[in-house]
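Build the full structure now, drawing on both the sequences and the hints.
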Amino acid sequence: MKVADLIKHLQTEYQPDDVIVAAWWEQSFFDENNDLNAEGWADVAEHMEDHDWWRTHEILNDLYTDYLER
Numbered sequence: 001m002k003v004a005d006l007i008k009h010l011q012t013e014y015q016p017d018d019v020i021v022a023a024w025w026e027q028s029f030f031d032e033n034n035d036l037n038a039e040g041w042a043d044v045a046e047h048m049e050d051h052d053w054w055r056t057h058e059i060l061n062d063l064y065t066d067y068l069e070r
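The working numbering applies: residue 1 is where the sequence shown begins, and numbers increase by one.
If you are wondering where the hints come from, they were derived from the structure by calculation, not from laboratory data. Incorrect hints may appear among the rest.
[To be verified] In silico SDA-like cross-links for lysine to any residue, where the CA-CA straight-line distance does not exceed 20 Å: (1) LYS8 - SER28; (2) LYS2 - ARG55; (3) LYS2 - ILE59; (4) LYS2 - GLU46; (5) LYS2 - TYR67; (6) LYS8 - ALA42; (7) LYS2 - HIS51; (8) LYS2 - GLU49; (9) LYS2 - GLY40; (10) LYS2 - SER28; (11) LYS8 - TRP25.
Note that the coordinates shown come from a computational prediction; the quantities given were computed from them, not determined experimentally.
As structure tokens, this is what we get:
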């Protein structure tokens, strides 16, 4: 996802004072040796966006539940 697309989404879906949980990954988190050019990274990022994030949601939901049970 391009940063501009994320900004547009946030601006249309949320108010400035809304509180959300956000996470992002950038090329340097994976490609420490700079093996990919910008086009290569864009292809990898697009592939990652198609990933099924259900496990990530389950983990966050468990953290939410744990917090409520404290």
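Evaluation of the provided hints:
Simply put, LYS8 and SER28 have alpha-carbon atoms about 24 Å apart, too far for the 20 Å limit, and the pair is violated. Only pairs whose Cα atoms come within 20 Å are accepted, and LYS2 paired with ARG55 is rejected, the gap being roughly 23 Å. The straight-line distance between the Cα atoms of LYS2 and ILE59 is roughly 25 Å, outside the 20 Å bound, and the hint therefore fails. Proposed proximity of LYS2 and GLU46 is supported: the alpha carbons are some 10 Å apart, at most 20 Å.
A distance of roughly 33 Å separates the Cα atoms of LYS2 and TYR67; the hinted pair therefore is violated under the 20 Å criterion. With a C-alpha separation of about 19 Å, the suggested pairing of LYS8 with ALA42 holds against the 20 Å cut-off. A hinted pair counts as satisfied when its Cα atoms are at most 20 Å apart, and LYS2 with HIS51 qualifies at roughly 17 Å. Distance hint between LYS2 and GLU49 is fulfilled; the C-alpha atoms sit about 11 Å from each other, no more than 20 Å.
For the hint linking LYS2 to GLY40, the alpha-carbon distance of about 14 Å falls within 20 Å, and the restraint holds. Using a Cα cut-off of 20 Å, the hinted pair LYS2 and SER28 holds, with the two alpha carbons roughly 16 Å apart. Restraint check for LYS8 and TRP25: the C-alpha separation of about 18 Å stays at or below 20 Å, so the hint holds.
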